[in-house]
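Engineer: Sequence:
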Amino acid sequence: MAYSRDVAEVVFAKAFRRHVECPDAEVPGTNLRAVLDAYFDRHPVVRGYVLDDAGGVRKHVALFVDGDLITDRTELTDPVGEHATVHVFQALSGG
1 MAYSRDVAEV VFAKAFRRHV ECPDAEVPGT NLRAVLDAYF DRHPVVRGYV LDDAGGVRKH
61 VALFVDGDLI TDRTELTDPV GEHATVHVFQ ALSGG
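At position 27 of the sequence shown (counting the first as 1) the number is 27 in the UniProt record's numbering, and the numbers step up by one without a gap.
None of these hints come from the bench; they were simulated from the model.
You may find that some hints are simply not true.
[Unchecked claim] Label pairs and their computed distance ranges (CB to CB): (1) 15 to 52: 27 to 37 Å; (2) 52 to 13: 29 to 39 Å; (3) 70 to 24: 12 to 22 Å; (4) 52 to 92: 15 to 25 Å; (5) 82 to 53: 23 to 33 Å.
Ideal placement from N, C-alpha and C gives every residue a C-beta, glycine not left out.
Work the whole structure out from these sequences, hints included.
Structural biologist: Put into structure tokens, the structure is as follows:
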């Protein structure tokens, strides 16, 4: 389904695909919250893998918009430009 404007592509890393079906998709939105909400409307089971119960980004998830790490992990207000790419990765941790 194509949208005429303000469309972003959401792309999940392979690590997520081992746990949940999360196909790449083009969705509308001008900020990260709107883009993710549109994606989760189509793929609701994925929401719990990306967001916590309060709606913020889970501790071990990293989100990038056009290669830049997002700055607002709570409200998801980072702007998403037309034809942007949102990458969803599992964040690495350890010591």
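Engineer: Does each hint hold? Answer for all of them.
Structural biologist: Structure-based check of all given hints:
no., hint, in the structure
1, 15 to 52: 27 to 37 Å, "18 Å, violated"
2, 52 to 13: 29 to 39 Å, "19 Å, violated"
3, 70 to 24: 12 to 22 Å, "18 Å, holds"
4, 52 to 92: 15 to 25 Å, "19 Å, holds"
5, 82 to 53: 23 to 33 Å, "31 Å, holds"
Consistency with the previously given hints fails for numbers 1, 2, ordered from lowest to highest.
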